[in-house]
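Using the sequences plus the hints, can you model the full thing?
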Amino acid sequence: MARITAGIGSSHVPLMGVAVDQNKSADAYFAPIFEGYDWTRAWLAKDKPDVVILVYNDHASAFDANIIPTFAIGTGERFRSADEGWGPRPVPDVEGHPDLAWHVAQSLILDDFDMTIINEMDVDHGLTVPLSMMFGQPEAWPAKVIPLAVNVVTYPVPSGNRCWLLGEAIRRAVESFPEDLNVQIWGTGGMSHQLQGPRAGLLNREWDNRFMDGLVGDSDANRWIPHIEYLRETGSEGIEMVMWLIMRSALGSETRLLHRHYHIPCSNTAIGHMVLEPVESAPTA
Amino acid sequence: MLPTGVPDYLSDFEDIPGTRIFTASRARKGYHLNQFAMSLMKAENRARFKADERAYLDEWPMSEEQKLALLARDYNTLLDLGGNVYFLAKVFSTDGISFAEAVSTMTDMTFPQYQEMMLKGGRPAAGNRSIKGGY
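Going line by line, the protein sequences match chains X and L. Per the numbering used here, the first sequence runs over residues 1 to 285. Per the numbering used here, the second sequence runs over residues 1 to 135.
The set of hints was computed from the structure by calculation and includes no laboratory data. No residue lacks a Cβ here, since even glycine has one placed at the ideal position from N, Cα and C. Warning: the hint list may mix true and false statements.
Cross-link-like lysine-lysine pairs, in silico, DSS-like; alpha carbons within 30 Å at most [stated by the list, open to error]:
(1) L:K120 <-> L:K67
(2) L:K120 <-> X:K24
(3) L:K29 <-> L:K132
(4) L:K67 <-> L:K50
(5) L:K42 <-> L:K29
(6) X:K24 <-> L:K29
Far from chain L, by Cβ distances over 10 Å, these chain X residues were calculated [unchecked claim]:
(7) T40
(8) E84
(9) G217
Right, dumping it as structure tokens:
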């Protein structure tokens with residue numbers, strides 16, 4: 001049976017991708033950002049997942065203003081890097097896992113989540129930057145990836161509680177897949193940032209860290225944070241953190257912290273990164 | 001439990017200083033503006049736009065106000081007219097300027113001042129959360 005063995009949270013700032021692509025990750029500006037991922041790269045090299053369910057948002061790349069799916073799952077064989085206006089990032093194609101993706105899609109729909117199913121799409125920095133941060137610059141990505149895109153751009157975006165419930169349903173879906181697979185779930189985006197208007201540049205170290213604290217252990221308090229609190233406290237784009245809740249709840253009722261990193265700034269954004277594993281409840285006698 | 005009503009949900013959004021949340025009404029107003037920006041994801045369209053911006057804009061059913069704001073790269077006005085920053089980012093990249101530089105033009109700072117603020121920890125939340133509450 002397939003199992004979700006770990007969860008990773010990470011910002012997906014495009015500039016981090018630029019730093020990788022232009023070999024600048026050791027520069028003075030970028031080194032403190034990338035050093036916080038060293039632990040994770042070493043850990044992933046030892047315990048490589050077969051499949052990553054990668055929760056991210058599309059930034060007007062695959063989805064334009066015409067069709068706005070709240071939750072979409074990529075069921076295709078492969079996904080290419082999107083041209084976001086600078087030409088596509090020079091990264092390998094992302095290989096999907098159609099068998100597991102279709103299983104998860106069906107299971108989620110039967111579990112009352114009305115998923116949009118995407119067979120063909122390009123994937124933008126929201127998905128490829130976390131892959132670069134965790135895996136560096138390989139010839140081919142070492143794991144299959146199931147893209148799970150969340151609308152966090154056009155309001156209303158899904159509530160924190162809805163994201164939490166989706167994560168729980170993803171766990172049920174994965175655990176009902178018969179093949180033995182080591183599956184990780186990654187929640188990406190955030191932390192605090194605002195990319196628009198006169199208030200642009202807002203960052204909130206204290207709030208971000210409180211949010212990260214809340215993902216460790218058995219608390220589910222973060223699921224009840226209303227949108228207006230993210231918007232006031234973490235900037236208009238800090239709302240991306242609802243995607244971390246999908247990752248967190250897919251790990252079950254309790255988590256253990258393996259690694260944590262926080263740095264300000266990267267471009268307009270506060271960088272957050274966490275590695276969590278599920279704490280399995282003791283079997284009842 | 002009754003769902004939160006739409007007016008209640010939206011009412012707080014206008015109370016955030018210097019911020020335009022991309023609500024349905026902005027998405028409706030900015031639909032063609034944002035679709036224009038999307039078109040710049042294709043290299044051939046970027047080339048055509050750069051060759052004659054006004055002529056390219058005139059191919060889109062946008063308001064004159066939206067076209068003038070685009071020609072002026074007046075991003076705060078574009079937000080007011082329904083533009084969304086992830087769509088407008090296609091204009092930033094067509095112009096060859098970084099996201100941070102484009103974002104800084106929406107503030108009252110120069111780009112170097114904005115960069116310095118970010119290096120010092122960013123704009124604080126304190127005093128920037130609520131217009132009515134002033135906190």
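Do the hints match the structure? See the list:
1. The suggested pairing of K120 of chain L with K67 of chain L is violated, with an alpha-carbon distance near 36 Å, which exceeds 30 Å.
2. Between K120 of chain L and K24 of chain X the alpha-carbon distance is near 21 Å, which keeps this suggested pair within the 30 Å criterion.
3. Our distance criterion of 30 Å between C-alpha atoms is met by K29 of chain L and K132 of chain L, whose separation comes to about 26 Å.
4. Restraint check for K67 of chain L and K50 of chain L: satisfied, since their Cα atoms lie roughly 14 Å apart, inside the 30 Å limit.
5. In summary, the hint linking K42 of chain L to K29 of chain L is supported, as the alpha carbons are separated by about 24 Å, within the 30 Å threshold.
6. For the hint pairing K24 of chain X with K29 of chain L, the CA-to-CA distance comes to about 40 Å; that exceeds 30 Å, so the pair is violated.
7. The claim that T40 of chain X lies off the interface holds: its Cβ sits roughly 24 Å from the closest Cβ of chain L, which is beyond the 10 Å cut-off.
8. Not every C-beta of chain L lies more than 10 Å from that of E84 of chain X, the closest at about 7 Å, which undercuts listing it as non-interface.
9. Here G217 of chain X stays apart from chain L, with its beta-carbon at least about 25 Å from theirs, past the 10 Å limit.
When the structure is compared with the earlier hints, violations turn up for hints 1, 6, 8 and for no others.
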